[in-house]
Structures are given as C-alpha cells and as structure tokens.
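> The listed protein sequences correspond, in order, to chains X and B.
The opening residue of the first sequence carries number 1 in full-length UniProt numbering; numbering runs sequentially from there.
The opening residue of the second sequence carries number 1 in full-length UniProt numbering; numbering runs sequentially from there.
Hints were generated in silico from the structure; no laboratory data involved.
Treat the hints with care, since some could be wrong.
As the list claims (entries may be wrong) - Keeping only pairs whose Cα atoms sit at most 30 Å apart, straight-line, the calculated DSSO-like set for lysine-lysine is:
no.	chain 1	residue 1	chain 2	residue 2
1	B	K224	B	K161
2	B	K396	X	K69
3	B	K224	B	K123
4	B	K423	B	K390
5	X	K119	B	K539
6	X	K27	B	K224
7	B	K782	X	K122
8	B	K539	X	K66
9	B	K539	X	K126
10	X	K66	B	K423
Okay, here's what each chain looks like letter by letter:
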Amino acid sequence: MSTSRKGSMMKTPDIQRRKVLTIGSFKLGICHGHQVIPWGDLDSLDMLQRQLDVDILITGHTHQFKAYKHEGGVIINPGFGTGAYSSITYNVNPSFVLTDIDGLRLVVYVYELIGGEVKVDKIDFKKAQPVG
Amino acid sequence: MQNSGPDDISSTEEQEKWLADALALVQHHAFYMHRALDSCNLRDALKYSAQMLGELRTSKLSPQKYYELYMKTFDELRMLEVFFKEETKRGCTTAHLYELVQHAGNILPRLYLLCTVGSVYIKSKDAPAKEVLKDLVEMCRGIQNPIRGLFLRSYLSQISKDKLPDAASEFEGEGGTVVDAVEFVLQNFTEMNKLWVRMQHQGPAREKEKREKERSELRDLVGKNLHLLSQLEGVDLDLYRDMVLPRVLEQVVNCKDELAQYYLMDCIIQVFPDEYHLQTLDTLLGACPQLQPTVDVKTILSQLMERLSNYAASTPQVLADFLQVEAFSKLSEAVVKVIEVQPDMPLVGAVSLHVALLTFTLRVHVDRLDYVDQVLGACVKKLEGVGKVKDNKATKQIIALLTAPLEKYNNIVTVLSLTNYPKVMEHLDYGTNKVMAVVIIQNIMKNGTFIMEADKVEALCELLKEIIQDSDGSPALDELDEEDFMEEQNLVARLVQMLTNDDNSEMFKILQTVRKYFLKGGPKRLGYTLPSLVFSALKLVRLLQQQDESSGEDGVTFPQKVFQFLLQTVEALSVVPAPELALRLYLQCAEAANNCDLEPIAYEFFTQAFVLYEEEIADSKAQVTAIHLIIGTLQRMHVFGVENRDTLTHKATGYSAKLLKKPDQCRAVYACSHLFWVVDGRVQDGERVLLCLKRALRIANAAQQMASVTKGSGGTLTLFVEILNKYLYYFEHGNQHITNSVIQGLIELIVTEMQSDNTTQDPMVDSFFASTLRYIRFQKQKGDGVAERYASIEL
C-alpha cells in the first residue's frame, strides 16, 4: 500500500473527511491533519489515534516526513511527493511511503529524495497479540 | 468496340486477346528459330528470328501489354546472341554477321538483330566499342513510333550497359573513353525523351488523361539512362558538372513537357550523389525557373532541400562545403524566385517550401540564428495581409514551421531571440494558437528550461498571450470545454516554476512581469494562475529571510516590497471571487511574515483573513475549515506582541463559539485552548487554557441537552472524551491548573453519562474512552516521575 498526499490548495476538497480501513490485522486511520492543532504535534495526533482506535494513523499537512512509534501504534506523515513549498517545513524533501502488512507485522518503507539521491529507510512495528 | 485506327488502344478484353495471339506467334516462330539454332543453320535462324521480331511491329497493344510481349522476345534474343557468338568461333566474322542481319525485310526486326549482333561485336573487341555504339544509337532513329522506339532503345541500353568504355573497364582504350560512353548514353536518353514526349500529342484531346497514365507507365525506361550515367565509374564531379548535367538539363528544359520535366528533375535529384548537387547548385537551381509554369517546382525544390538536409545530418564533415558554396543563400533565393514566378501557388505550397528551407537551415546552419530568423521572416512576408490562416493544410505547415526550431534547440530562450517567430504565430487562428502555446509550454517543462531574465519572460508571455488573457476575436470562455480549460491553465501555473533567477532583484522583476500578464486573465483564470505566483513569491521571501536581506531604499526593505506585492496579488482574487483560496493564501503570507519578524505585516495578513471570514465565507462547512486554519496558523505565530496577540486570539475564539453547529463550536473552542499555551512563542497561560476548555465543556453539555430535547435521547459523548484527552494533553505538558481532580471529575462524569439510559450507545465512543483509559494506565506505569503524577487518578 502506498501513501502520498494531495495538496490542499487544489479546488475545494472535502478535508473534513477521515477514513478508517482494516487491512489484515491492522486498523488504519487516514486524516489530513489540519484540524489537529497544533499542526504536527505528536501528542495531539495521539489523541486522534485513540479516537479513531487505529493502530496506524496516516496524516499530512506539514509536508514533512515523520514516523513515530509508540505503545499505541504508529503515526506516519508521508511528507509530500513533489517537495512543494510549505510554510511549516523549510526545504521540503520529496518523499513517499510504502507500507507492508504481514500478519501482525508492519513495515514502513520511507523513500526520500535528498540532494538528488533516493534514500530508503524502514521502520518495523509488531502488534501485540490481541488479548483473548 | 470498333478498331477505328492503327494506334487506337481498345478495351482490356481485346488487349488480352491480342497479347495472347501475339505471344502464341512469338512462341511459334521461336520454335522454328530454335530448330535452326540446333542445326547451326544461320540463314534459317535469321529468317525465323526476323519473323518473331515482326510481332513487335504491332500498334494494337497498350504499353503494359507491349512490355510483356517485349520481355518474351527479349528472352529468345538472349539465346540468339549466344548462337551468334558461337558462329563467330565457327568462322563467320562479326563484321559479316553485322552485314548479314541488315538484309531483314522490315526495319524493326532488322534493328533488334543489329543490336544483338552489335553486342557480340563489342564483346569480341573486333571493333572499337565507341564506334559500334555510335552506329547503333544513330540507326535506331529509324523507329519514330514512340512505344516501339522506346522499347527498342531500351533493348539497346540493356544489352550495352556492361559493354561501355567506362574508366577501368576492359573496353577502355581502343574502345573509347568514358566520354564516349557518356555521349552514347546521353544520345540514347535524348532520343528516348523525345519519343516519350511525343506520346503526349498523339491521339484525340479527350484521351489526354489516358495518355498521361500510359506515359507514366513508361517513364522508368527514360529514367534508367540517368541511373546508368550515375553508375559509370568514370563520371566524376567534373564530368558530371561539365558534360552530364548541362546536357541533361538542356533536354529537360527544351522538351517543354510538364510530365517529363517533373519526372526528370526528380530523377536527377534522386539518382546523383548529394555531393554533386551541392557543387552544381547554381546550374540545378537555374533550371527551375525555366521549366513549364505548371510544373510542381516547389515539390522538386523541397525534395532537393530534404536530400541536402539529410546529407548534412549524416555527414557532418561536409558542412564546410555547404558554407563554401553558399548553399543557404542560393536556396533561399530559389525559394523566393519560385514563389514569385507562380503567383497562383496555394498558401500551403508556399509555407511548405519555407518549412523545407527551415529544416535545411536547422541541419546545416544550426548556430546561425540569423539565417533561421531570415527564413521565418520570408514566410512572414508571404503571409502579410492573410490574417488568420483558415486552410487546414496551410495551418499544419505553419505549425511545422514553428515546431521545428523548438524541437531543434529544445530551449525556448533561444527561440525567443527569433524576432519573426511571434509574427508567424500570430497568423494561427485562435484555437490553433492555443494548441501551439501548449506545445511551447510542454517543451519548456520537458526540457527543464529555466527562463531567467525578465525581458525574456515578457517575450514569452507575449508569445503565449492567447492562453493567458482574452483577446479581441477570441470566443467567450463559457464556450470552452471546462476540462481542457483547466488543464491549460494548470499548465500556465506550472510554467511559473520555470521562471526563476538566483539573483533576487531579477527574480522580483520576473514576478512583477508575470503578474502584469496574469492580471489580464480575468476572473476565470486568476484562480488557477495566481496561487502559483504567490508561492513563487513566498519562495523568494524565504530566500531573502535566509540571506538576511535587511537593506532597502526609502525605508522599505526588499522583503517588505515583496510582501506588498503579495498583499496586492492575493487581493486580486476578489474578482473571481475565491475567498477560501484567498484566506489560505493570506495565512501562508502571515506565516512567512512571522518568520521574517515583520509584526505589522503579519497582522495585516491576519486582518485580511478575518475580513474574508466575516464577509465572504458563509458556508458553515467552509467556516469550520477556515477557522481551524486561522487557529492553526495563529498558534504558530511568535512575532506578535501581547496586544496584537490578544486581539487576534479573542477574535478567533469568538468566531469559534459562533459556528453554526454545537459540536463544531466545541471543537473549535478547545482548539483555541492552544492559543493560550503556544510554547516557543511563549505565553503558556495555564489558567486561560483551563477556562477555554471549560467553555468547551459547557458547549458540549448544551449540545447533549439539545440532543435530548430534539431527538428524544441524548447525543453521543464523544465531545466529552475529546475534552478529556485535551485535559490529559495539558496535564502531560505541565499545566498546573489542570489538576488530577479536574481530570477525575470529567472521567466520572463520562462514566455516569455512559451508564445513563438517556445516552445513545456508540461503540466508537466506547473504544475511544477505553483507549484513553488504557493510555492513563500506561502512563501510570511509566518511569521518570510520570507515574507519580498519574497516581492519584483513579479508574
């Protein structure tokens, strides 16, 4: 599954929307993020994660790649594919994220274009066995 | 069908029959001829072969059918030739044979036999090749009927082609020189052409088309001679230039026949090497105006230029030769002359000539922009007074003319230096002009061409003006396809990214130039184009900020100038109108001003944003989005002093509380709590945070009660859980006013409400609350003093 962001300056998208998906044993939540104030604040995003009751929260708005792992799950901001200007992030590096879900294991592959080179990183997350 | 005359050609059926009859007769005579050959009976062989050849005297067959008959007899004559060769070994001299065959009764068979013997004669070297050839080529004059004559001379050509006294051939020396060989071929060619042309005037006028078709079928017989000349080893450039070309052209011009002239000119160009053409350009081009006025000279000229273009492209070493012979000026003069001489030439023809010349120029003189411009200029002159070209084919040629330099240089900046380029483009009708404009932008994007000077940017905008703005005569925008329009304008927006310069002053000039043009675009375009410009300007601001440019004139710094520009630009969106877009852009600018520490400017942008919110954004959904954007941006501001901050925060909270739906109010208000907390911009007013959250709680309560009244049962508790999470947030972050008891209180409230019959069950709320409690439990077990803080919260 790949995630990337669509710019919010494009014609009146319905950004209020949030979506929750279930893939394998993981619940994913997707939300643009501009309503979670302060923007990019991980604790505030945490709250949203709890609210949607998801293991993985995918969010955006800041144009900067961030991946944050905590006991409740993972918060991913895939950054912005085109590296477009952001008032929040200086020097945006174009990036996108591929997520691989296998059973109880989630691996996030991050692709960033830094200085003309593609750098790949990965983050592992294992979900605790569901309590009977 | 009646056969009304000896030269009348009739229907296909009859042709088939006559041919079949003739072939049968040939077969018949050949049979006897073979018998004579087998028994070495020379006399009989001559007798029967003459009879066989007599069939070729027919006037009934069409050229195609005659050809079949000819081929059959040709095969038989090969055997006869072998026999003749054997005879000379058996004592009969070739001279004697040569004399014997002249006893044949009719002239046509006589001449075929003579040629056949002649072949043996030359091969034997008993006589010089040149003399035999001369004799034969002259004797063939005896046949003046076009079809019969052409085939006879074709036979002569075929059997003699490997026996010419070419340079380094076995027949050179005593047998002659290459000049003799050339002389022979030229003579044969000249006579054949005359015969061929004569066909045009035979028969009634109404059958002209038919005759021309038949002539067409025979043209290769004539053309082969030229091919032969090109194959002669001894024909070098000098011989070609001094003898071959002038003689051939003389015949071409003098025959005054349209069909022949067109075919032969084309033949010359295709058959002889490009190197020769280059060196004889004057002569070749000089013949063009002398041709019949109906001849399609432009195609000939185009073909020549194309060949030369390809020659230049494949053999770069010869480019020096092109320069030396001044090929360009000769060709461009020829183009002018040809157009002058044919005033009725349709526009498509004239333009395609220029396209061919341009292609040539781009291949041979790619660095001579002045030449390229000259060609475009010549075309502009031709197009004068024509206005917008309506003919489809001519339009296509104009597009070809415009695309060629674009694709060759792959750099719009180079193309912009061609002064005549925009003038050509102006002749395209509205729709096509836009298509071309799109092609230009796509070329820029594909090649990653940056346009770095303001005056070049201006020239580019002029070139693209049909898609940037409305002009007189352009159709109303409502008639245009919505999607196409959007794609087109998005392309223009993307183009802005390519207009850039590292020098900040130049960059600002570029921005101002672009905006000048964009503002003429009208309400429909601005929404697409201005945002791109705004972000380009914001990038400039960021650069200035990082370079710390604080110098300026008249007390206005450079960054301030750019912010003025930004303010005006976003204001321009009011004519669209696009308040939501403008609001976002104002906020982006506010943040940029914040980063530059320009408090009054940041304040001004917020003011404008609020004005839009108050006056233009009426839709409730839009209001929710807008207020969150305002709050989110405001939260990040560090530049504001106490007063300004208070004013703006007060406004934000006020509007939050006035949103239409209670849940929206609640959420916006608790979002505002962060405006009192901030952090790096300082503030951290714990008390007002709590007040804010309490206000949110009151709204949540009200919402709950309202739901009871209107729906019969209470609404969901989600808002309460959200506020609880906010309490936890601030608790985590050290807000002293959020105490355990505050938190405890809310937890208990939620629990109570959940158990109440009045409350709507909602699994989402349940899981939210559960995960919140899970979080608290987790925190209770954490180290670093965290557990202690949470200890007193009981679950």
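> Next, verify each hint and record whether it holds.
We went through each hint and held it up to the structure:
Distance hint between K224 (chain B) and K161 (chain B) is fulfilled; the C-alpha atoms sit about 11 Å from each other, no more than 30 Å. Note on K396 (chain B) and K69 (chain X): the hinted pairing is violated, with a Cα-Cα distance of about 60 Å set against a maximum of 30 Å. With a CA separation close to 22 Å, the supplied pair K224 (chain B) and K123 (chain B) stays within the 30 Å bound. For the proposed pair K423 (chain B) and K390 (chain B), the alpha carbon gap of about 16 Å is at most 30 Å, so the pair holds.
With a C-alpha separation of about 25 Å, the suggested pair K119 (chain X) and K539 (chain B) falls inside the 30 Å cut-off, and the hint holds. For the given pair, K27 (chain X) sits about 82 Å from K224 (chain B) by alpha-carbon distance, which is inconsistent with the 30 Å threshold. About 27 Å separates the Cα atoms of K782 (chain B) and K122 (chain X), which keeps this hinted pair within 30 Å; it holds. A threshold of 30 Å between alpha carbons decides the hint, and for K539 (chain B) with K66 (chain X) the separation of about 23 Å falls inside it, so the pair holds.
Restraint check: the Cα-Cα separation between K539 (chain B) and K126 (chain X) comes to about 41 Å, which exceeds 30 Å; the hinted pair is violated. A distance of roughly 53 Å separates the Cα atoms of K66 (chain X) and K423 (chain B); the hinted pair therefore is violated under the 30 Å criterion.
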